[in-house]
Amino acid sequence: MDVQVDAKTAHAATGSRALNPDEPAVILIHGNGLDRTVWQLQTRSYANKGRRAMAVDLPGHGKSDGPALATVEEMADWVIRFMDAAEVKTATLVGHSMGSLVALEAAARNPDRVEKLAMLGAAAIMPVHPELLAAAERNEVLAPELIVYWGLGLKAKTGGHPAPGLWVHMASQALLENSAAGVLYTGLSACNAYQGGAEAAKKVSCPARLVLGRDDMMCPLKNAQPLIDGIENAETVIIERCGHMLLLERPNQVHDALADFI
Amino acid sequence: MVKPKFLKFDTLSLHAGQQPDPATGARAQPIYQTTSYMFDDTSHAAALYNLERPGHIYTRLSNPTTAALEERVAALEGGVGAVAAASGMAALFLAITNLMDQGGHIVSSGSLYGGSHNLFNYTLPRFGITTTFVDVRDPKAFKKAIKPETRLVYGETLGNPGIEVMDIPAVAKIAHDAGLPLMIDATFTTPYLMKPFEFGADILLHSLTKFMGGHGIAIGGALVDSGRFDWEASGKFPTLTEPYAGYHGLDFAEEFGTQAFVMRARAVGMMDLGACLSPANAFYIMQGIETLPLRIQKHVANAEAVAEFLDGSEHVEWVNYPTLKSHPDHKLANKLLPKGAGSILSFGIKGGRDAGRKFIESVKLASHLANVGDAKTLVIHPGSTTHQQMSAADMELAGIGEGMIRLSVGIEDVGDIMADLEQALRASQKG
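Heads up: the sequence lines are chains A and B, in that order. Everything in the first sequence is counted per our numbering, starting at 14 for the first residue and increasing by one. Everything in the second sequence is counted per our numbering, starting at 8 for the first residue and increasing by one.
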């Protein structure tokens, strides 16, 4: 589906199903440099469960017009404007990595618009290695490579993926390399600069669930603790033998971790 | 400076796609010899059918042993994913049906394996898909042959049996400028010698029967998807970019993005066409891939020595092997194939067809059969076997002369190989 946000095209996948305005809305927000397709299984699953599933392409990503937005707060406000354009009053927000910060900020700023919050591969802060940032600024392939290297857990690096024939290493890297020049750098800069996670967590009033990879090197578990402590009654699911790319690495465990929540 | 420490090719050849078996701890890849898989409950079954969660339903679609092979091939080629098929030809037909409908057109190198040539030239036209064959050494000819209805540009890393080196970077640019994908049959080179994705190819075809398996005991094929071709931007591929009624309106590019081609090949192609690889054959081929780097090194070393030997023989008129300086594609081979140009070569014996027949009937160590890429040295006369269905004009385009012998150099002791060839060459010249 396409809607106009700020007079620009904003795109979302809907599980190839027509949206029913009577169904509860679920908005899925991808991480930096990725796009709606990281939610390929979830979008279909929620759509078939009778949810108005919308996996958005953030500005500058996938099929949404650019430019990419420079801060997590701007992206959070964009999600609310997307909801306005899609005629969604309230929704469950599900975010991965940078998308989890976007969902967190949106929930903290708009408690009346967010029914539930799910954060995958989340952390209160997401500092970025300076050499990764520099490689992204130069639009070098080294940037996607480093993200894949640090982002995948050890098991994912040799494979044995549950989706037959999928090589998760290159599936991740191809997505990152697909992003337009400058998009990765803008997003990494936004993550690097964001310091509002702990404060935003305290403002979240809706039910929240964190799904975290035990071996996540990009968002180590300790950095998620301020979110767990800050959100009242936050539930946490830790997926073993899993890195930062939870959706690609452990799709069945992610499915199970959210099955009763959404 | 930080650098990612990804596992290297030799390691991936042994490990990619496989973890110790979670059920038994078996370190080797088990053969899951089963047709079907138990569902946990009805919702689990529905989720698998609806592509909401990954897993196996029926071995025609996927199988754990075959999936390990697919993932390994994808890892070695640097693709987002792979789908295996019963043979290389089954994989080729699967790719064609995944990309185009009646009225589609292919621009192909004329230097092709005879089976591929016949599929393009005789079988596909019956279903309204036509092919224009062009000189592989003339990239501009590919450009000239592209029509509005063209949906694919196709070739082989090394031509069969002429051993022409395809200028993949040049042809990839021509294809991409026209909004078309370039599909490459990489069977003769394997990912050890060349990764065509790095030169711009979009889809790869493998006959796994050949060097990948290497043992000559199992037939298999595979398609590998680079994930880099933008099907939606091209606008020429409704099979991938428009809702598919057979799957409740699923739009593969919209939902699977970079995995659209390989996802559709499995979910629709294997479902409808059914040419799946048996899990036992997948296991056998994986055993071969474990030693791929070592075998290919020996293949190449032997082939280079044999090419030099034949080149110096008084009974041989010409030798086609890209490492030889006399080969027209020698410079291109150095650029695209720095680790070697494989181990298949062709040569012409003095005395034409009759001398060729005598040579074939005189070899003792080399095996006269219709295959290449076996660990054993193989030999054949293409004009009377693999390419005998082709017209004289097509044979000329493919560079096949009456006396041409195709040799697939094995990994036996190279002195023994050359001694056998020497005595067969001498025999070929006797009245």
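No wet-lab data here; the hints were simulated from the structure. Just so you know, not all the hints are guaranteed correct.
Derived DEER-like restraints, expressed as beta-carbon distance ranges [stated by the list, open to error]:
| # | chain 1 | residue 1 | chain 2 | residue 2 | range |
| --- | --- | --- | --- | --- | --- |
| 1 | B | Gly253 | A | Ala211 | 48 to 56 Å |
| 2 | B | Ala287 | A | Asp78 | 45 to 53 Å |
| 3 | B | His51 | A | Met14 | 22 to 30 Å |
Each residue gets a CB set at the ideal place from its N, CA and C atoms; glycine is no exception.
Hint check results:
1. Gly253/B with Ala211/A: 48 to 56 Å: With Cβ atoms ~49 Å apart, the hint holds.
2. Ala287/B with Asp78/A: 45 to 53 Å: Holds: the Cβ-Cβ distance is about 51 Å, inside 45 to 53 Å.
3. His51/B with Met14/A: 22 to 30 Å: 29 Å, holds
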